[in-house]
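Build out the structure end to end from the sequences listed, making use of the hints.
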Amino acid sequence: MADPKQIYRFLLKLYPARFREEYEAPLERQFRDEYGEARSPWARGLFWLRALADLGTSIPAEFARELRQDLAYAPRVYGRRPLVTVLAFIALALAIGVTTGVFSVVNALLIRSLPFHDPERLVEAKGNRMAGLMGRAEFYNWRDGSRYWHDVAAYNSLEMNLSGAAGAGRVHVAETSANFFAMLGTEPDLGRAFTADEDAPGMAGVAVIGYGLWQQMFGGDPRVLGAAVRLNGTPLTVVGVAPPGFDYPAKTAIWTPTVFDFDRLPKSGAIFGQTIGRLKPGLTLAQANAIFAAEVIRTDPAGYKRDSLSRPRLTSLRDQLAGPVRQASLVLFGVVVFVLFIACANVAQLLLSRVTERRQEMAVRAALGASRARLVQQLITESAVLTTAAAGAGLAVAYWAARLASSVQPAQLTTQEYSILDGRVLGFALAVALITGVAFGVLPAWLMGRTQPAIDAIRTQSGNPASGASRTRAVLIAMQAAFTLVLVAGSITMGRSFLRLMGTDLGFHTQNVATLTVSLSGTREGADNQERQFYQEALLRLRAVPGVESAGAADYLPLISQPLMLLRPKLDSGPEVRSVPVTATPDYFRSLGIDIVAGRDFTDADRPASEPVAIVNEEFARLAGNGARLIGRKMTAPFVGGKFLTIVGIVRTTRFMPATAGYAQFYLPTAQQPPAFATFVARVRGNPERYLAVCRDAVQQVDRQVAIYSVMTLRQRLREALAKPRFYTTAIVFFAGFAMLLALIGIYGVASYSISARTHEIGVRMAVGASPGRLRFALLRQSMLPMAAGMLAGVGAASALGRFLEYLMSGVEPVGALTCGAAALVLAMAAGVAVWTATARVLRVDPMRALRTE
Amino acid sequence: MTKASQSKIEAFLPLSPTIFHMLLALGEGERHGYALKREILQRTAGRLNLGSGALYGSINKMLEQGLIEESDERPDAHLDDERRRYYRITPLGKRVAQAEAVRMRQLVRLAEDRLGLPQIA
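Going down the list, the sequences are from chains A and B. Reminder that position 817 of the first sequence reads as 817 in the numbering used here, one-by-one numbering, no gaps. Count along the second sequence from 1, add 1000, and you get the number used in the numbering used here.
Everything labelled a hint here was simulated from the structure, so no lab data went into it. Every residue, glycine too, gets a C-beta built ideally from N, C-alpha and C. Misleading hints may appear alongside valid ones.
[Said to hold, decoys possible] If the Cβ cut is set under 7 Å, some of the chain B residues that face chain A in the computed set are:
(1) G1033
(2) Y1034
(3) G1051
(4) S1052
(5) G1053
(6) A1054
(7) Y1056
(8) G1057
Okay, here's the thing in C-alpha cells:
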C-alpha cells in the first residue's frame, strides 16, 4: 500500500500555486502528526475522511480566492497597452464569433439529431429504377421481399396550387405512400396519418396538413379534421395535422397518399419519384449498400454500369439533407479556423511582448518568492480573461453569422435551423475561448521559464535577440504568413471567378423586366384545355398596362428554373440535336432582349391550326452544323407527337444560370403547344419594381382562381441566382482581408518591438557609423525571412484549398502559381510597408541617448 | 481612534467563529498553526475541529487582511524545530476582535432584556 503521507503530498499539489508554496510544509507536517496520533484502523479511516473533506472544501476556496486576485489584476495589465489589447480583443471576438457561427451550421446539419425516430437508420435510395416507376403492389412486394428494408416509403415532392375558403396559394406538397409517417416514426399532432390502403388507386382523397398551414389557414381550429382543401383543383379531406416543425421533405405543407396514383392530382413539370427507407436493425449502411447493389445488378444490369455519381446507391438521410451545404460549410469552417489561428497568433504576439516587457516585473516577483507555477497561473488567468471576454462578444458575431448563413443557404428542415442557442454551440465557443486562452497563456509562461534564472532580467531591460521569445515570434510570423497567403490566394481566385460570373453575357437583358409565374394545373383553364386563351388574354391585359413596352411568356425562363428535359429532335436531313424544348409566346424574345439573328419571331398567326413552327438558338444551329441555312428546314421532336416543325427563326443562345453554359434550345409557340405553367415577362419603362403589383393585378383579372407567384423583377431573380456565389466570395475576401490586417499588425508589432528592444545595439551601431537606411534594410530583411518561409509553406496549402473552393462556387478556376505569386507579392509588399513604417523610429534614435539608457 | 479606521474595523464584522476563535487564541500569545487548532478544539469542547486546509486557509486570509502577522521570534531551537511558523495578532487584529466582542456583548444584553437568560451553573 502506498504511503499515506505521499498520497497526501500528492493531493496537496491540487492547491493553487501560491497557497501551496506557502503552506505545503506545515500542512504536510500537521498531517504527519495527526496521522501518527490516530492508532486504530477505524480512527485512521475517520481521519482520512476528514482530511479529504477538508481538502474538498478548502482547495476550491483557495482557487476562488487566487482567481479573484488575478482577475482583479488582469484589467490593469491590459490597461497599460489599450490599443494592442483592443485590437487583439476585436480579432479574437471576430474569429471566435465567426468560427462559432459556422459551427452552428455544421452542428445543425451534421451533428444535431434529425427529428425522426432513430434517424441513423434512415436512408434514401438514389438513382433507383424501382422506386418511382413501379406500381403500388410491386413496391410493397419489393419491400416485403427485401433483406435490407425494415420499411420503405415512396414520395414525390412538388409545388401545387392550394385553394380553400381563404383563397388560392402555392404550397409544397408531398405525394407519399401510405406508410410515410409510420416509416419515419412520426405521429400526427392531431387526427391520424394514412391508413395502409389509402394509397391504393380509387380511394377517397385524404391529406395531412402541416402545423404551420393549420395555424395559418385554419387558425389552429381542431375542427379542421374533415375539412376540405383543394390541390390543383382536386378536393381532399384533411385527416391529420403534422407535429410542429415537421416539414419533411422540402418544407412540405401538405402530404397526400397519392404517389402511386399519378393522375389523381393534376400536375405539371418534371416529377421525380424518391424512395426513403429504414434499414433493418443491425445492418450497416455499407452492408445494405452491397445487398442493394447486387439487387440492382440482378434486376437492372444496364442501370448499374453508369458512372459512380449516378450509380444507384443508398445514402444516409442526414447526408442527403445536408447536401451541398455540407461541403460549403465545412470549407467555410476550415477557412474561419485559419482566421482563428491567425488571430490567436496575434494574441500570442501580444502576450509575448507583454511577457518580455514584464520580464523585469516577473523576475522581481520570482526573486521575491513567487513560483513559476504561480506566474503561469497568473498568465493563464490573464489570457483566459481576454479570450473569454472576446468569446462573449463573439457570440453576437456568431448570431449574426448564423442568421446570414440561413438566409443564403437555408437548411432543408425547420428543425435544422442554425441556432447558436444550443448547448453544443455555446460549449464550442467556450471551449475555443478556454483552449486559446490556456494555450496562449502557457506559451509565454513557458518562455518565461526559459528566462530563469531571472537575475539577467533584473539587471537589464533589453532582450537577447536569440532568445526563445524571438524564435517563437519568428515561428508565429511564419505561421501567419502561411495562413494569410492561403486565404489571400483563395480570395483572389474567388474574386476573379465571381467577377467573371458577374460579367457573363447571359444572352438577354435583365433591366426593366418584371416577371410573374402562373400554374394552370387543376384550374378551369387546365381542365378545359383553355390554357391558350388564358395566356392570350393575360398578355393582352399586360400589354395594356401603361408603361409596358412589350410582354411575352415562356414555360422555362432563364434564372428561374433549370431545364429538366433534354430531347433529341431530328432534322429532316441531318443529325439529332440534344436540346431543351421551351414554349414561348410572340414578343417573348423582344421583352427579354434576346436577339433574333435570322428569320422571324412567333406571331399571332402561329395558331393551333396553322403550320407547326419552331425557333432554334445559335447553339442548336452550331450543333446541327449548318448555321443560318436552318431556316425553312423541318424537324421532328418526340414532344410534339411526331409532327414536322418548320424552323422559322434563329435566336441568340441564353444561359439558364450565370454559371452554366448555354444549352441548345428549340422554342415552340405557346399557341401550338400550350404548357400548364408559364412565366410572364414584361419590359417596362423605368423601375420595374413599380410595375409588379399592377402587372399581377392585370393577370389576376383573367381568372381569380389562378395562383400567381414569384412576382419579381428579373434583376431580383439574377441577384438571387448570384446570392450564393456573392456570399461566399464576400466571405472569403473579407476573411482574407481580415487575416492580412491581423498579419500586418503582427509583423508591425514584432518589428517595432525588436527596435525598442535593441535601441542600445542600434545606438552603438549608429555611433560607429552605420547609416539608418542600412539598419532599416537589415531589420527589413530580418522580418521578411520568416514571412518568406511561411509564404512558401502557404503556396502548397493554397493549391490544396483551391480544390475545395469548387464547393463554394461552381466554375472556380484552380489556384495556380500565378495567383499564389500575386498573393505573395501583395502580402510581401504590405508587410514591407508595415516593417518600413515600424522601423522609421530608427531615424529618431539618438546614438548618445541610446547609449545612455544603460 | 479616527472615524476612518473605525469604519475599516466595522467592515470585518461580524467575524466568522473560526476567525474570532483564532484571534482570541492569538491574543494570549504567539502560536503556530497546529497549536491554534488544538486550542480551539479544546476551548469549544471538540465542536470546532478545523481541518488543516481550513486552518491554513483562514491563516492565509487573516495574513492578507493584516489581522495577524508572522512572527520572527522562535522559541529555543531545541524546544521547537525551525520549520514551524509562528503567528501573532496585529494591533488591527486586536481591535477587530474587540469590536466583535463588543458587538456580541450588545447582542447578549439585548437577549437578556428581551428573553431573560438563565444563570450559568
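Hint by hint, here is what the structure shows:
no. : hint  : result
1   : G1033 : holds (5 Å)
2   : Y1034 : holds (5 Å)
3   : G1051 : holds (3 Å)
4   : S1052 : holds (5 Å)
5   : G1053 : holds (3 Å)
6   : A1054 : holds (5 Å)
7   : Y1056 : holds (4 Å)
8   : G1057 : holds (5 Å)
Checked against the numbered hints given earlier, this structure breaks none of them.
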